[in-house]
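Visitor: Read off the chains here:
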Amino acid sequence: MSLEDTLQVALRDPEALDPRRSEAALRAVTDAAARSRRRGQVRRITAATLPAAGLAAAAIGLWAILPGGDEEPAAPPVSVPDVRGLREDQAWARLRALGLTADVVSAPSALPGAGGTVVAQRPSPGANATPPGGQVRISVAEVASPVADVGNPVAKRVYAGMGCIPASCDELRLAAWPRRGGIRLLTATIDGQRIRLHPVPGTDYWQGSLPRSGVAARLLAARGTLDAWAGAGPTVVVDVRLRMSLADGSAYGHRAPVVVRPGWG
Amino acid sequence: MSALFARHWPLACRTARLLGGNAATAEDVAQEALVRAFGRLHRFDSSRRFAPWLRRVVINTALNHRRRGGRLAHLGDDTPDPSGRAEPAGVLRLVDGLPEDRRVVVLLRFGLELTPSEIAEALGVPVGTVNSRLNRALADLRTRMEVPR
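If you're matching them up, the sequences are chains A and B in order. The opening residue of the first sequence carries number 1 in our numbering; numbering runs sequentially from there. The opening residue of the second sequence carries number 1 in our numbering; numbering runs sequentially from there.
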């Protein structure tokens with residue numbers, strides 16, 4: 001047998017796919033495609049752009065993601081709840097229960113003790129919104145805190161090794177405000193959705209709820225240590241753990257260090 | 001969407017399994033790649049062919065995962081790998097020991113049965129580079145295996 005034949009035999013792949021795993025992947029891909037559709041810039045993939053040979057896809061009418069171009073039936077609208085006064089994670093949970101999502105913006109904290117709570121929302125309570133994915137913009141009051149003068153707030157776009165997480169996520173971004181003696185992590189952004197992190201009592205971690213349809217998730221970010229001074233400010237290595245639990249009881253986790261440096265965007 | 005997914009999911013898993021070197025995480029890597037690709041569908045240039053573009057995303061994701069070392073804690077699922085696949089033996093071990101650029105072209109050529117042109121397109125290198133890496137890889141393997149041409 002020639003080497004080429006030997007390689008072809010050796011690299012044969014008899015492994016069957018796990019149907020449950022395939023279903024989870026389909027859900028994740030569908031979520032990602034839906035987000036792409038909402039961005040409203042998708043072009044149609046026609047049969048002409050696909051390889052010509054052996055394409056059953058052309059015969060079954062393959063469509064790309066266009067607004068209204070998929071087979072999902074339209075859900076009835078729901079009444080937007082009043083989430084003002086709630087903590088950000090509570091507001092997320094309330095909206096998620098109705099199939100809605102939150103677009104978080106920061107707002108100056110005008111009232112003592114209002115930091116971290118929702119101070120305004122749009123649309124107003126009682127307005128109609130359409131799940132899944134109907135968006136409610138919530139303004140969350142900033143938590144007043146001293147920030148050391150070490151340069152710009154940092155945000156490092158990284159892929160924190162989300163490969164083992166059965167959910168749609170292609171970007172994890174942390175925002176850290178270094179200050180003397182340590183860092184203060186305030187927000188994490190996953191796929192454009194900002195998650196406010198709150199300190200976990202008795203630990204060195206911050207915790208935030210990850211709103212994801214059908215998935216209970218928790219993002220833990222360690223306080224990290226000041227690694228070195230680099231230019232405008234310190235380099236911080238943050239230990240990030242993401243744990244996600246699915247409705248069927250399985251759980252997945254990933255842990256990876258994330259380097260956060262001032263001045264990066 | 002389901003049809004598109006069904007068409008590309010098996011090949012994405014196979015690609016991830018071949019290139020990533022870890023059967024246990026292959027489906028996770030494949031999912032990561034497809035999610036990344038479908039999440040950016042709005043930026044896809046429809047004048048290009050979709051399947052090669054998707055293949056390139058999957059290949060890059062699998063290679064990046066392997067380079068990162070794929071640290072993960074797989075919690076809550078104690079089911080052993082049903083394939084019972086042991087460590088690569090014989091020729092697979094030799095392939096795994098090749099330099100990365102040669103290992104990849106060997107796997108794409110003989111594992112996925114891609115043509116040199118398809119491999120070149122997937123890796124973003126000239127066809128001549130693919131052929132050169134392939135020839136060197138085969139020569140290296142033959143030397144180690146003492147396999148006649």
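By construction, these hints were calculated from the structure, which means they are not laboratory data. C-beta atoms are modelled at their ideal positions from N, C-alpha and C, and glycine is treated no differently. A couple of the hints might just be wrong.
[Claimed, not checked] Pair ranges (Cβ atoms, derived): (1) Asp103(A) with Thr115(B): 40 to 50 Å; (2) Trp53(B) with Asp103(A): 45 to 55 Å; (3) Glu23(A) with Arg56(B): 48 to 58 Å; (4) Asp96(B) with Glu23(A): 43 to 53 Å; (5) Ser124(A) with Gly124(B): 49 to 59 Å; (6) Asp96(B) with Pro123(A): 55 to 65 Å; (7) Val125(B) with Arg84(A): 47 to 57 Å; (8) Pro76(A) with Asn131(B): 51 to 61 Å.
Visitor: Now tell me, hint by hint, if it's right for this structure.
Guide: Hints, verified against the model:
1. Asp103(A) with Thr115(B): 40 to 50 Å: holds (46 Å)
2. Trp53(B) with Asp103(A): 45 to 55 Å: violated (30 Å)
3. Glu23(A) with Arg56(B): 48 to 58 Å: Given range 48 to 58 Å: violated, Cβ gap about 26 Å.
4. Asp96(B) with Glu23(A): 43 to 53 Å: Given about 31 Å between the Cβ atoms, the range is violated.
5. Ser124(A) with Gly124(B): 49 to 59 Å: Since Ser124(A) and Gly124(B) have Cβ atoms about 50 Å apart, the given range 49 to 59 Å holds.
6. Asp96(B) with Pro123(A): 55 to 65 Å: Between Asp96(B) and Pro123(A), where Cβ atoms are some 56 Å apart, the hint holds.
7. Val125(B) with Arg84(A): 47 to 57 Å: 56 Å Cβ-Cβ, so the 47 to 57 Å window holds.
8. Pro76(A) with Asn131(B): 51 to 61 Å: holds (59 Å)
Of the numbered hints given earlier, the model fails hints 2, 3 and 4; all others are met.
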